[in-house]
Amino acid sequence: SDWLGFIDADGALPAREYWRLADNLPLTPADVICGSRVKMAGRTIERSLLRHLQGRVFATAVEELFHLGFYDTQCGMKFFRASRLRPLLPALQEDRWLLDVEVLTRLQADGARCAEVPVDCYQHGGSSLVFGVDSVKMMVRLLRLRRRLRGRAGSPA
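Residue numbers are given in my numbering: position 105 of the sequence shown equals residue 105, and the series is strictly consecutive.
Hints in this document: simulated from the structure, not taken from any laboratory. Incorrect hints may have been included.
[Unchecked claim] Under the rule of at most 20 angstroms between Cα atoms (straight-line distance), these lysine to aspartate or glutamate pairs were calculated in the EDC-like manner:
{"id": "1", "residue 1": "Lys39", "residue 2": "Glu17"}
{"id": "2", "residue 1": "Lys39", "residue 2": "Asp95"}
{"id": "3", "residue 1": "Lys137", "residue 2": "Asp95"}
{"id": "4", "residue 1": "Lys39", "residue 2": "Glu116"}
{"id": "5", "residue 1": "Lys137", "residue 2": "Glu102"}
{"id": "6", "residue 1": "Lys137", "residue 2": "Glu17"}
Given the sequences, and given the hints that come with them, work out the whole structure.
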């Protein structure tokens with residue numbers, strides 16, 4: 001396959017959004033297409049104010065530390081040109097919350113062209129995050145990831 005992609009299984013992103021983006025992959029010059037939960041281009045975003053604020057704090061920290069230029073690194077829908085992603089897979093160390101950041105940082109450092117596309121999102125129900133505790137853990141892990149990737153030649157982190 002020329003492209004590898006995923007959509008989170010929590011149901012927040014409708015399958016129609018996956019197929020809308022997938023249908024346009026053959027036309028894109030980008031190597032990475034990321035969904036973005038941003039109210040623009042007629043997209044609908046439904047999520048609690050608390051989840052939105054937590055997401056913005058995390059996104060701001062990611063941007064300050066990694067300078068990726070993304071509004072929403074954590075959106076649960078991404079597509080990668082397979083020829084760009086496959087070589088990176090053995091080197092990936094992060095899981096859960098920071099996998100997206102590690103993948104995007106490594107791909108950009110290797111010259112991949114990245115784009116964000118607004119998507120519809122309907123986040124109803126609770127979060128698996130423990131307020132306060134997980135936020136601190138995420139920030140510590142972000143700092144560790146930045147330090148680890150800084151030692152890698154060509155890394156912008």
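Restraint check for Lys39 with Glu116, where alpha carbons must lie at most 20 angstroms apart: 13 angstroms, holds
Given hint Glu102 paired with Lys137 - CA-CA distance at most 20 angstroms: 16 angstroms, holds
Satisfaction of hint between Asp95 and Lys39, Cα-Cα up to 20 angstroms: 28 angstroms, violated
Distance restraint between Lys39 and Glu17, which requires alpha-carbon spacing of 20 angstroms or less: 14 angstroms, holds
Pairwise hint evaluation, Glu17 against Lys137, where the allowed Cα distance is 20 angstroms at most: Violated. Lys137 to Glu17 sits at ~31 angstroms, over the 20 angstroms cutoff.
Pair hint Lys137 and Asp95, alpha-carbon separation not exceeding 20 angstroms: 13 angstroms, holds
Of the numbered hints given earlier, the model fails hints 2 and 6; all others are met.
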